[in-house]
Amino acid sequence: MAQFRVCPDSGFYFDKSAESLMKVNAIAGAVSLLIAGILAIGVILTRWQEVHLLPADLFYQALTGHGINALIFWIIFFEIAILYFASSTLLRTRLAAPKWAWLGFILMVVGAVMNNVAVAQGNSSVMMTSYAPMQAEPHFYLGLILFAVGALIGVFVFFGTLVIAKDDQTYEGSVPLVTFGAITAAIIAVFTIASGAVILVPTFLWSIGYINHIDAEMYRIIWWGLGHSSQQINVAAHVSVWYLLAGILFGARPMSEKVSRTAFLLYILFLQLACAHHILVDPGISSEWKVFNTSYAMYLAVLASMIHGLTVPGAMEVAQREKGLTKGLFEWLRKAPWGNPVFSGFFFSLVIFGFIGGITGVVMGTEQINLIIHNTIYVPAHFHATVAVGTTLAFMALTYLLIPVLFRRSLFLPWVAKMQPYVFSAGMTIMILFMLGAGTLGVSRRHWDMDFTGAALSFEYPGTAYMMMAVGGIGGVLGILGGAMYLLVTVGSLVFGKKLEPSAGLFQSFGVPLSSGSYNIQQPERLPMAPKLAVEQHGSAGFEAPGTFVLAMALLVSFVVYYFINWDYLASVWPLS
Amino acid sequence: MTSYLPPSERIWWKVPVGKQEVIWIGIALIWCLIMFFMMPYWHLFGKQNLSNEAYQTTPAKFQARVDEMVAQYQVGEEAGIPIVRPPAGSDVYLLGRLWQWYPILELEKDQSYRIHLSSMDWQHGFSLQPVNINLQIVPGYEMVVTMTPDQAGDYAIVCNEYCGIGHHAMLGKIYVKEN
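Chains as they are written, first to last, in my numbering: chain A, 2 to 578; chain B, 222 to 400.
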């Protein structure tokens with residue numbers, strides 16, 4: 002039975018059922034992002050104190066919905082699509098158990114809707130973290146559990162697809178690096194979701210009265226096994242997307258397969274220790290435990306990210322230099338396709354993730370420095386750099402690639418698409434930098450009113466803090482505009498975009514297969530190994546990517562300076578012991 | 222040619238690694254180790270560390286300790302909340318509840334106090350401003366931190382863990398007096 006089509010533009014082979022599943026998951030992700038984005042307006046305009054848009058109850062409700070939709074639903078729906086792409090499409094194999102995959106998708110949708118309904122009803126404004134003993138409605142937890150079960154099914158369909166590809170020998174040699182990275186993400190996803198089950202199932206039972214007590218500290222530790230590790234799925238997934246985009250845009254090959262894969266392996270081994278980042282100033286946890294875990298056992302996962310930070314742009318630089326862009330240190334970068342949103346999105350994601358998200362994450366995850374950062378608005382500033390720019394922008398860039406390849410439409414309003422990564426990155430960067438500043442001044446996160454209206458006692462933040470929250474608010478609005486531009490282009494493309502042959506109508510965009518004649522390939526040819534290089538450069542020639550090395554050293558210097566500035570700041574506060 | 226094809230060498234793990242990557246990995250690893258050893262170093266030589274001292278408790282038990290201290294050392298009242306001046310070096314009990322830090326403390330500059338913290342209901346965040354010291358306050362747990370205020374002044378305790386609709390109004394006070 003012929004069930005593959007080949008994309009005439011990219012040469013990718015799509016399995017019929019995998020194709021539909023990728024589409025529906027990507028669209029469900031975009032819908033979640035839309036909800037998250039609308040709620041973001043309420044959140045940012047309330048935190049901008051001069052505007053102070055929403056009353057307290059609506060603010061906390063919007064913040065809960067914003068966090069869950071952006072950090073969980075948008076990202077994980079999209080990641081399931083990426084897992085199917087990295088297995089079925091990249092390895093030219095049929096998807097394992099498509100019916101199970103559909104079941105997983107339906108569970109995820111039901112779970113996401115149920116959770117959103119619970120939040121919308123108003124009695125579950127408990128924030129994404131839903132810290133016990135504050136209690137939400139039972140269907141708040143049940144929605145999350147169903148979503149997680151669905152995602153877990155998707156992960157196992159991915160593993161099954163790898164097994165089929167191996168059995169059918171659809172590729173030569175080892176799996177590609179991008180697939181390897183996706184495997185990393187999937188393995189992390191399994192223990193992430195397991196942690197989620199361990200804590201959310203009892204919490205659900207507690208909310209319906211079968212269990213009478215949930216220990217608040219135990220909840221925090223295990224919940225963060227879900228909460229932080231899920232962000233580590235994102236890291237593994239978006240690093241894979243970076244490699245994929247560098248490969249597609251520039252024909253880049255990894256500088257060293259061994260180095261890049263070892264770095265992914267370090268993620269599997271150490272990333273999950275990071276639940277400790279959230280409990281550094283909690284009672285009853287020993288310093289030894291905190292130091293070991295918060296540093297991912299001597300920062301070995303940070304080492305992995307620093308390696309990718311060199312090898313991703315390095316791979317691009319090597320490929321560009323082979324094309325003759327060899328002048329000076331940075332011609333390869335200057336002459337990159339800056340007008341192509343796939344490239345600009347990819348590159349801003351890389352830079353902002355590394356320079357802002359990475360550095361602030363390590364600084365605030367330092368056991369003692371966390372004392373001056375915990376629960377301030379510095380924290381959301383950090384994870385907007387990692388997830389809202391790092392992961393989300395990488396996925397946005399990938400979307401611009403997928404619209405013609407997977408959805409068979411050309412981009413709607415290409416000039417909007419062209420500007421989108423710039424607007425989004427600029428807005429988010431402004432918001433992030435000023436929120437980092439406000440956090441350093443002690444402004445707290447998840448807080449409706451920095452004027453403390455109605456409090457029996459009083460306290461005034463310095464004027465600078467208000468100024469920073471206002472500028473951050475302007476940045477946030479610009480970021481939301483960038484997000485809206487993304488949704489305008491994607492939704493517009495599916496509805497109004499020029500149809501490419503083999504053509505996709507509106508229904509096809511939402512998961513209905515193309516006309517059956519399009520699937521005219523029974524089994525694609527075996528995926529060949531990458532061609533050998535004419536000259537073996539690695540290991541002998543030395544500095545193939547000097548520009549990248551300079552950028553990496555710039556990262557290191559900023560890192561070192563900023564790290565010690567924070568120790569200095571810590572040294573100025575009251576002595577504690 | 223690319224990152225999404227199988228590696229060009231079947232035995233890819235035996236392909237030698239380029240000099241540039243080796244150097245970068247070396248530098249990054251050294252930096253990682255420096256960052257790691259900064260934490261134990263600060264435990265030995267730094268002045269801002271949390272103790273590992275904590276106890277399991279119950280709201281009733283902790284409340285009793287707080288009430289006892291208030292009865293013994295109350296020196297005044299502000300906005301209906303007692304102001305307490307415990308002796309230097311003593312055990313001081315501070316509780317967080319919806320939506321109040323109780324009681325108000327009056328401490329002496331450059332004296333150390335063993336501050337016990339716990340919550341009566343949900344989780345709260347102890348955020349001392351404008352010093353910016355932040356601690357997580359968890360019900361059922363009593364955290365002990367020895368604090369040495371090194372500057373006189375009026376300090377506020379902002380709650381920075383979301384605790385419901387009145388969260389933003391949850392403020393406390395610590396007054397630090399010159400001795």
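For the record, the hints were derived by calculation from the structure and aren't laboratory data.
It is possible that some hints are incorrect.
[What the hints assert, rightly or not] Derived lysine to any residue pairs resembling SDA-like cross-links, with alpha carbons at most 25 Å apart:
{"hint": "1", "chain 1": "B", "residue 1": "K235", "chain 2": "A", "residue 2": "K100"}
{"hint": "2", "chain 1": "B", "residue 1": "K240", "chain 2": "A", "residue 2": "L267"}
{"hint": "3", "chain 1": "A", "residue 1": "K500", "chain 2": "A", "residue 2": "L412"}
{"hint": "4", "chain 1": "A", "residue 1": "K17", "chain 2": "A", "residue 2": "I566"}
{"hint": "5", "chain 1": "A", "residue 1": "K500", "chain 2": "A", "residue 2": "D10"}
{"hint": "6", "chain 1": "B", "residue 1": "K282", "chain 2": "B", "residue 2": "K240"}
{"hint": "7", "chain 1": "B", "residue 1": "K398", "chain 2": "A", "residue 2": "E173"}
{"hint": "8", "chain 1": "B", "residue 1": "K398", "chain 2": "B", "residue 2": "Q372"}
{"hint": "9", "chain 1": "B", "residue 1": "K235", "chain 2": "A", "residue 2": "D10"}
{"hint": "10", "chain 1": "A", "residue 1": "K100", "chain 2": "A", "residue 2": "E173"}
{"hint": "11", "chain 1": "B", "residue 1": "K235", "chain 2": "A", "residue 2": "L534"}
{"hint": "12", "chain 1": "B", "residue 1": "K330", "chain 2": "A", "residue 2": "S578"}
{"hint": "13", "chain 1": "B", "residue 1": "K240", "chain 2": "A", "residue 2": "T171"}
{"hint": "14", "chain 1": "A", "residue 1": "K324", "chain 2": "B", "residue 2": "K240"}
{"hint": "15", "chain 1": "A", "residue 1": "K324", "chain 2": "B", "residue 2": "K330"}
{"hint": "16", "chain 1": "A", "residue 1": "K533", "chain 2": "A", "residue 2": "V191"}
{"hint": "17", "chain 1": "B", "residue 1": "K235", "chain 2": "A", "residue 2": "S459"}
{"hint": "18", "chain 1": "A", "residue 1": "K259", "chain 2": "B", "residue 2": "C253"}
[Stated by the list, open to error] For the chain B half of the interface with chain A, some residues (derived, Cβ under 7 Å), not all of them:
{"hint": "19", "residue": "Q284"}
{"hint": "20", "residue": "P303"}
{"hint": "21", "residue": "M368"}
No experiment lies behind these values; they were computed from the predicted model shown.
In this text, a Cβ means the ideal position worked out from N, Cα and C, and glycines have one as well.
Taking the hints in turn, this is what the structure says about them:
1. B:K235 - A:K100: Violated, at roughly 41 Å.
2. B:K240 - A:L267: holds (21 Å)
3. A:K500 - A:L412: Holds - the C-alpha atoms of L412 of chain A and K500 of chain A are around 10 Å apart, at most 25 Å.
4. A:K17 - A:I566: With Cα atoms ~54 Å apart, K17 of chain A and I566 of chain A exceed 25 Å; violated.
5. A:K500 - A:D10: This hinted pair holds, its Cα atoms lying about 13 Å apart.
6. B:K282 - B:K240: Outside the cut-off at roughly 63 Å; violated.
7. B:K398 - A:E173: violated (75 Å)
8. B:K398 - B:Q372: Holds, because 8 Å separates the two Cα atoms, which is no more than 25 Å.
9. B:K235 - A:D10: violated (35 Å)
10. A:K100 - A:E173: violated (28 Å)
11. B:K235 - A:L534: Holds, at roughly 16 Å.
12. B:K330 - A:S578: holds (16 Å)
13. B:K240 - A:T171: This hinted pair is violated, its Cα atoms lying about 34 Å apart.
14. A:K324 - B:K240: Between K324 of chain A and K240 of chain B the Cα gap is close to 22 Å, so the pair holds against 25 Å.
15. A:K324 - B:K330: violated (67 Å)
16. A:K533 - A:V191: violated (35 Å)
17. B:K235 - A:S459: Violated, at about 66 Å.
18. A:K259 - B:C253: holds (21 Å)
19. Q284: With Cβ-Cβ at 16 Å, over 7 Å, it is violated.
20. P303: Interface hint status for P303 of chain B: violated (13 Å vs cutoff 7 Å).
21. M368: holds (6 Å)
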